[in-house]
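Position in the sequence shown (from 1) plus 141 gives the number in the working numbering.
Just so you know, these hints were derived from the structure itself, not from any lab. A few of these clues could be false.
What follows is a set of in silico ranges between Cβ atoms, one per label pair, in the way DEER data are often shown [stated by the list, open to error]:
| id | residue 1 | residue 2 | range |
| --- | --- | --- | --- |
| 1 | 237 | 168 | 35 to 45 Å |
| 2 | 304 | 169 | 14 to 24 Å |
| 3 | 171 | 202 | 17 to 27 Å |
| 4 | 304 | 220 | 37 to 47 Å |
Since this is a predicted model, take the numbers as computed values, not measurements. The beta carbon of each residue, even a glycine, is placed where N, CA and C say it ideally should be.
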Amino acid sequence: MSTSNFDRAPLSSEGWRQMNRLAMEWPFAKPAAVYCSDLLRAIQSATVLQTGFHVPLHREECLREWTADPADLPQRTYLDLEGRAWHDQQWVPPSGESLEQAGERVSRCLNGIAGRHRGDTVAAVGHGTLFSQFTAPLRGAKPTEDYKNSITNAGYAVVVHGDSWRLVSDFTSLPQSAPLGTRENL
142 MSTSNFDRAP LSSEGWRQMN RLAMEWPFAK PAAVYCSDLL RAIQSATVLQ
192 TGFHVPLHRE ECLREWTADP ADLPQRTYLD LEGRAWHDQQ WVPPSGESLE
242 QAGERVSRCL NGIAGRHRGD TVAAVGHGTL FSQFTAPLRG AKPTEDYKNS
292 ITNAGYAVVV HGDSWRLVSD FTSLPQSAPL GTRENL
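All chains, full assembly: derive it from the sequences and hints.
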């Protein structure tokens, strides 16, 4: 992409494939509901899970990806803003929300979802920058750009909420499937 604004980006064909595989090989209890960001690619990803599990789908603006600037900027300009934000997570970029504030937003959001689904499994579909702000502290670490970049498309983390949040499994993805025609697929 030549611009910084990924908000309108749809799910790629590879993304559809990854999400369909995740729904088919879901390694957890069936979710009672699927929550997602209100951005198109998250809605499309969540719809795959919602359709596969026949559960309600809830769009939550509070799961929207963080951005340094919502304007269509040249990629280099946007990356400079994002780099500054990662260097100083309290710095408020043109978007009006620091990375630290985004972390507080996603925590409030997920606490609200957990409160509505006590004891249930729920899938929350969102974006790497935002979710890295939530899971890094559960790892006992500060969120970093490297950690955010390690989160793969269709990656998932497992967290449990009782009196507080606990990270059960950090972001991972399903193992690579064997190529068609190999012994594992025959």
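Measuring from beta carbon to beta carbon, are residue 237 and residue 168 in 35 to 45 Å?
holds (38 Å)
Take the C-beta atom of residue 304 and the C-beta atom of residue 220, compute their distance, and say whether it sits inside 37 to 47 Å.
About 40 Å separates the Cβ atoms of residue 304 and residue 220, which means 37 to 47 Å holds.
Please test the hint of 17 to 27 Å on the beta carbon pair from residue 171 and residue 202.
holds (26 Å)
Taking the beta carbons of residue 304 and residue 169, is their distance inside 14 to 24 Å?
At 21 Å between Cβs, range holds.
Figure legend: structure checked against the earlier numbered hints; every hint is met.
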